[in-house]
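Residue numbers (this note's numbering), protein chains in the order written: chain A, 1 to 257; chain B, 1 to 257; chain C, 1 to 404; chain D, 1 to 404; chain E, 1 to 349.
Rather than coming from a laboratory, the hints here were simulated on the basis of the structure.
It should be emphasised that the depicted structure is a prediction, and the values quoted were computed from it without experimental measurement.
Don't be surprised by glycine CBs; every beta carbon is placed ideally from N, CA and C.
Treat the hints with care, as some may be off.
Coverage of chain C stretches by chain E, computed from C-beta distances (three or more under 8 Å per stretch; other residues unrestricted) [unchecked claim]:
#1 57-65
#2 105-115
#3 304-316
#4 354-368
Straight-line Cα separation of at most 30 Å, DSBU-like style, residue types lysine-lysine; simulated pairs [unchecked claim]:
#5 K207(A) to K73(B)
#6 K331(E) to K318(E)
#7 K78(E) to K174(C)
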Amino acid sequence: MSDPPLLALRGVSKRFGAVHALDDVELEIHTGEVVALLGDNGAGKSTLVKVIAGVDPADRGVMEWDGRAVQVKRPHDAQALGIATVYQDLALCENLDVVGNVFLGREVRRVGILDEVEMERRTLGLLAALSIRVPDVRLPVATLSGGQRQTVAISRSLLGEPRLLLLDEPTASLGVEQTAQVLDLVERLRDRGLGVLLISHNMGDVKAVADHAAVLRLGRNNGFFDVTTTSQEQIISSITGATSHARRPPRTGEAGP
Amino acid sequence: MSDPPLLALRGVSKRFGAVHALDDVELEIHTGEVVALLGDNGAGKSTLVKVIAGVDPADRGVMEWDGRAVQVKRPHDAQALGIATVYQDLALCENLDVVGNVFLGREVRRVGILDEVEMERRTLGLLAALSIRVPDVRLPVATLSGGQRQTVAISRSLLGEPRLLLLDEPTASLGVEQTAQVLDLVERLRDRGLGVLLISHNMGDVKAVADHAAVLRLGRNNGFFDVTTTSQEQIISSITGATSHARRPPRTGEAGP
Amino acid sequence: MTGRASTAPGRRVKRALGQAWERLSQGESGSLPVVLGLVLLWAVFQGLNGNFFSPRNLSNLSVDIVGTGLIAVGIVFVLLIGEIDLSVGSVSALAAAVFAVLNVNEGLPEWLALVIAVLAGALIGALHGFFFARFGVPAFVVTLAGLLAWNGLTLYLLGQSGTINLDDQGLVAKLTSYYFHDIAAAYGLAALGAAVFFLAACRDRRRRKAAAMPYRPLREIAVRTGLIAAVAFAAAYVLNQFQGLPLALLIFVVLVAALDVLLRRTPYGRRVYALGGGVEAARRAGVRVAWVRVSVLTVSGTMAALGGLFLASRITSVGQPSTSGILVLNAIAAAVIGGTSLFGGHGRTWCAVLGMLVIQSISSGMALLSIQSALQFMITGGVLLAAVVLDSVSRRSQKSRGRA
Amino acid sequence: MTGRASTAPGRRVKRALGQAWERLSQGESGSLPVVLGLVLLWAVFQGLNGNFFSPRNLSNLSVDIVGTGLIAVGIVFVLLIGEIDLSVGSVSALAAAVFAVLNVNEGLPEWLALVIAVLAGALIGALHGFFFARFGVPAFVVTLAGLLAWNGLTLYLLGQSGTINLDDQGLVAKLTSYYFHDIAAAYGLAALGAAVFFLAACRDRRRRKAAAMPYRPLREIAVRTGLIAAVAFAAAYVLNQFQGLPLALLIFVVLVAALDVLLRRTPYGRRVYALGGGVEAARRAGVRVAWVRVSVLTVSGTMAALGGLFLASRITSVGQPSTSGILVLNAIAAAVIGGTSLFGGHGRTWCAVLGMLVIQSISSGMALLSIQSALQFMITGGVLLAAVVLDSVSRRSQKSRGRA
Amino acid sequence: GRAAESGTAVRPASPTASGRPTIGLLVPDSITPRWDRFDRPLIERRIGQLCPACSVVSVSAQGDVALQRQQVDSMIIKRVSALVLVPVDAKAMRPAVKKAREAHIPVVSYDRLAQGPISAYVSFDGQEVGRLQAKALLKAIGPRRAPGAGIVMMNGDLADPNGVAFKKGALSVLTGKVRIEKSYDTAGWRPDSAYTNMAGAIAALGPRHIDGVYAANDGLASGVIAALRANGIRPIPPVTGQDAELAAVQRIVEGVQYMTVYKPFKPEAYAAAEMAVALAHGRGPGPIARDRVRGGVPAVLLRPIPLTVHSIRRTVVKGGMYTIQQICTPKYRPACERAGLVPSAEPAR
Ligand SMILES: Nc1ncnc2c1ncn2[C@@H]1O[C@H](COP(=O)(O)OP(=O)(O)OP(=O)(O)O)[C@@H](O)[C@H]1O
Ligand SMILES: Nc1ncnc2c1ncn2[C@@H]1O[C@H](COP(=O)(O)OP(=O)(O)OP(=O)(O)O)[C@@H](O)[C@H]1O
Ligand SMILES: [Mg+2]
Ligand SMILES: [Mg+2]
């Protein structure tokens, strides 16, 4: 496959004061591919997501999109490229209701006025697809349970036509059934040709949906695996640092599903 | 076993506007017992924890402690009884550093002045026991990663000598190794005679450490199981509502490990 | 939007009322307690001096709230994003001074001077917004600096002439002195308001029904419309007893309604609320935070300028601004008493109207009772506190609601 | 506390300095930019009028900051919990009036009148706190009501006598007019301050070393002590050139230092910060939120009363309060300029001192240059803004830091 | 030229149903003690003497033009028979005065000359006040030192037309006679601003180069004197004042303030009361209004009196403003003895 990757990161670094959160990180995501991003707590996974999403740009490093270098300095830039994100801390506006949060920044309007009916209808549709009950989509999200909030954040990210989905522990507080639904959804999106970056601490989930797994350790790449051919133990030992894989993700041309 | 349960809830109900978050819920936790509280998203698990912890008291219902009815109206009351809690949303003070958060409300003092050295030493000890690296315990928790924050919240709850530990999805954003450590810890605490209420969506974890499992569904009791003798499928079907168990947790005398 | 469809009409209404009460008591539009407080206040003043409810006094009251009320509406915008604007008093004085100097001293036509004065307010607001959004200087400090600087500029502008009298037949003077003597005007406005509400509610209902979504029962819509119509027609009746509908009130009500629609029915307004609910969340959702901030402070500057012109119109003259922050405090207090949160994200433009009614009623009642100044301060403080305690306590008595 | 032990002494210092800079620029104690702004300000004023740096002017400055500075310290407490106290101006005027009426008119001994006046301030603060914590009325509104009510009470108290002259040999007058002419006093205080810092740092280091925890290298401690000593001795030198160490300054510094210890080294202070970092989190941790709130408003009332006595002492007379919010604004501005966050959780008592220095320097420089009031307002506003822009920009240029 | 507006007699509105005329008194603020302490009681007393059936309602505007306008509205609603008005802003109250006139309520402008169709006016001559202060200052500095002497001017709030008048009067005397080293205008008449400005002047000029201070009123004088004291300047150079506040009279006795201007409130208040009662009964302002201002408004113009330590008995004590006892509190007893206000070594009486 000679297509350029959907997204490629080259030598991305980021410091917070004395902490090297990311140190010369490389990553590639192709269309129609689910890449799992793994690593211990504090490995820098969320920081990497925020770099890609333009929330907190990197200090150094290049980001390529469809093979062309791009500058992503604000969340807006990333959205314009077609990157949708579910953040680990969800980042919802507590005072807005569910509909308001799902459509924030992408409101449906009729002659300049919000079309609440249409937005509510579509929100109900999205939530139904994730098989979660929210007591009332007109309640402020501050009153929702942890799992309900997470579903709102996931629904948000499915709006518009994203080309790349960044999911930072999207199922952390979801129930068994809901988790299955989200994983299903991820597979369907992959089949529709989206690229997905999935962060999870659950090896089972990773095994179930991911094609490749990239491991971060202390802010550095620590291995890139084909999930189908690598054993779970191998991956875990790479996460915990029992083995050190200096190997980087393969450059374009080597990789591919 | 004729000891009264450490904690017993009788007919606890709570409404938020039109939402019945808890409806006539019964629960018992004995010393030296780990009870898993299971349920779908929005089932009312966190609401129940907040009722017990005095954060958001129930509308109706009785709470018994060591067999005597008690009034828990404020978090302070629960702490005085020896109830320590890890909340799902962690509830940390963003501007305080790790040490400050761990010891908030229970500061170590020497002649009225904070003993920072001692507090820092003990914090480092607690964190080491949970095998998590925090770059600097003097950084405000706002800068920590999701898992690091969760560990801070868990460390907090271990201070003092609690008799009952309420853990609301304590491992949701922890790594594989850290999760194992926390489960280990729970077992050690049980062996030291503490009661533990563990909320988790992970059946594996529940199977591993819980003695009993209480299931909530739509705010009502929907089954109480002995984890060792019940199959995982049975519990899950009770969670998702495939089966409806009107059965309540047994009253004192019937139950026990 | 509130009610979900149900079956038996009787239960339906009951439920609708119950839900309305819940909504109200949930703070988003929790103005009921303030309304009760206001009614109580009025009853007390009327009991103490029978002139309080005289059409002349009520009509005056309705005009007196406009100047500071417009400023308070601007403040509501700023409070919604969780910030504060201390400069509104100075900006309103400056706008009035600009108008007076241009029109009276320089001889510009009134409409041009008026436009320039309002634009000056907008520009100043934008400047504050720029410093706030671009350099991250807290809005409090930017507008505090503005308070001082624009005060100085006003002093300088008026330095040569001192107080300037406005043409009392002029456009600006008319703003508060013109009344629609025709009784049809007041009644017409009341009817229009009720009709617009009714039609909008019905249209919403029809669309929801079509989309197979829960909708508000017709009976509930009728009850609400009836309430609104009753209040509006009562007000119109009183106004017509004196001189008719005041132009100032008309402008005020139309502006407040328009800005309410802007805030609650447009994408722009949604973003303003979003900023108040979490700047970082809004930023990640792609909201251009800096732009919204600048715009909000521009609105507040513009409303301050407008308010300043109404205040000047009321006394048909423009004098040295008082350095006292009384105007700012009144405007902020009006917004807060009306139910706007100081911490952002909750409030409506109508809050400013309600709050101004409370404040102005106190001051008008005091004037009627000719209370000594020492006592006057104390009573104003006490009544203010009582009104808000009533409000807070009735909210408290509802369930306290934590977060998961 | 900051540094972690390392090996080579050269690198150690470098790293320590680097870390100190990072700490500074991280906002918790990010006062460096304000200090730079202050130095710039001084340089400009000195350039415009050579008398600015005269010992007389600097000594006056050091006394002039005390009255409003004490009020600002109280405001820091309130800002730390994310609230605001608008009543401090009125409370300070009331305390002065209480003192004057009791001492001069009623003939009570000075010390008793003084104690009663300060207690009155504390009581009023507690009352505000009660309404705030018990009824959940926003502190803004409670203290706004207080602003009005206490103003009225002061008017009433002074209504009979008008302005009251204080005994200019009395205790209160001495508060600002007494100087320790002995040069040993100023130098002694400077030496004491440096020594206390040094010993505390060494003790901390020893204990950390004993507990096998990272500790601050001796060299770093020496450098810091040296810096503190240099500033302190320079100030002492200047003061000794005029009349010696002013009693007012001594009281101010001691109070600020004591309250700094209270805030940052006691469980009580920790809870104050916790409230600012998240009320709900603090509540769940078992902090008695209502109690802390009441206590914080009590502190602010007490400090306002103290500050009022110093302000009265400075002009040895107590007159009718002006309704202007200038005093409140100055106090809040001082706290904010010094680096206290308006949103709670960040700030120190020393912020108030720094901020007051900025504000009082501007006002003293203006007086020195006898600038006309119109211009004076504009310049004050401009300089204020410039000082804070400098501060904000230098903070910004550090990495922007989001949250996980 | 508002001769047309300035009629004399106005047919009063039906003097309320009960037939008891009410007279409204509007004072501008509560910061200046005189309104509540002297003017209001004096006017009320005099009205009570002249017309026992009359009642007086008084309100204070807290220095707020809009509030005063609202208070005039309330007075109209209550249908008072006459108004005694101290305008917060003389120009800005014109529409309110006009509105009162339209409601057939005559307005007596008190102490400050309100614009609009007022029926009568009573006050002191503002420029004369400034001239008196300046002359006294020159006298205190002494004709010998005067030519080279440097003074500091602490003017009042120039937003207040009286403040402008005082400054103008003072400058008309001082210009050319002394060097005005520094001149400050004090927004809001705030003593603490006067303090700060004076401290700045001392720092800028040096303590020995200030031969006198022109302070526009007693409040400013208190700030000025405090600054001089704080800077250890002894003896304190002559400082002027105005209003004859008790605190100022005490300072004069003590010797730290040189003079103040005494504007006897009683004649002013009585004149206002007499004219208001006459107007309320539908008559003209009466024979006491001998002067005319602004082309025909009947007026009573009173002369201010300079007050120094030598004239205390003749002025404030005789005029019934303060008793010797009020002035000579224990603290000021020695100074009073020196000044001859109380006989030495004998209890005051
Ligand atoms: N704003 C910040 N300031 C300072 N340090 C930060 C900041 N954000 C993150 N860090 C640090 O960077 C490191 C990486 O954090 P990150 O949130 O990326 O971890 P993570 O891999 O997502 O961990 P988790 O699995 O626990 O979510 C952590 O050590 C954290 O303390
Ligand atoms: N403060 C509140 N106001 C209104 N509704 C609330 C509030 N808190 C919780 N709820 C509602 O109560 C229900 C139960 O919430 P709870 O947080 O207890 O669920 P949970 O079992 O913890 O779910 P999860 O597994 O997702 O954390 C939810 O439907 C939620 O929307
Ligand atoms: Mg993370
Ligand atoms: Mg939960």
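| query | If you look at each residue in the segment 354-368 of chain C, do at least three have a Cβ nearer than 8 Å to any Cβ of chain E? | reply | holds (count 5)
Exercise. Are there at least three residues in the segment 304-316 of chain C whose beta carbon sits under 8 Å from a beta carbon of chain E?
Worked result: With 4 residues closer than 8 Å to chain E, the segment 304-316 of chain C meets the three-residue bar; holds.
* Given pair status - K73(B), K207(A), alpha carbons within 30 Å -> violated, 46 Å
| message | Please verify whether K78(E) and K174(C) have alpha carbons no more than 30 Å apart. | response | Distance ~25 Å between K78(E) and K174(C) Cα, so the pair holds.
Per-stretch coverage check for the segment 105-115 of chain C, three Cβ contacts closer than 8 Å to chain E:
violated (count 0)
Is it true that the CA of K331(E) sits at most 30 Å from the CA of K318(E)? Distance of about 22 Å is within 30 Å: holds.
Please verify the coverage claim for the segment 57-65 of chain C: does it have three or more residues whose C-beta sits within 8 Å of some C-beta in chain E?
Holds, because 3 residues of the segment 57-65 of chain C bring their Cβ atoms closer than 8 Å to Cβ atoms of chain E.
Hints 2 and 5, counting from the list given before, are not met by this structure.
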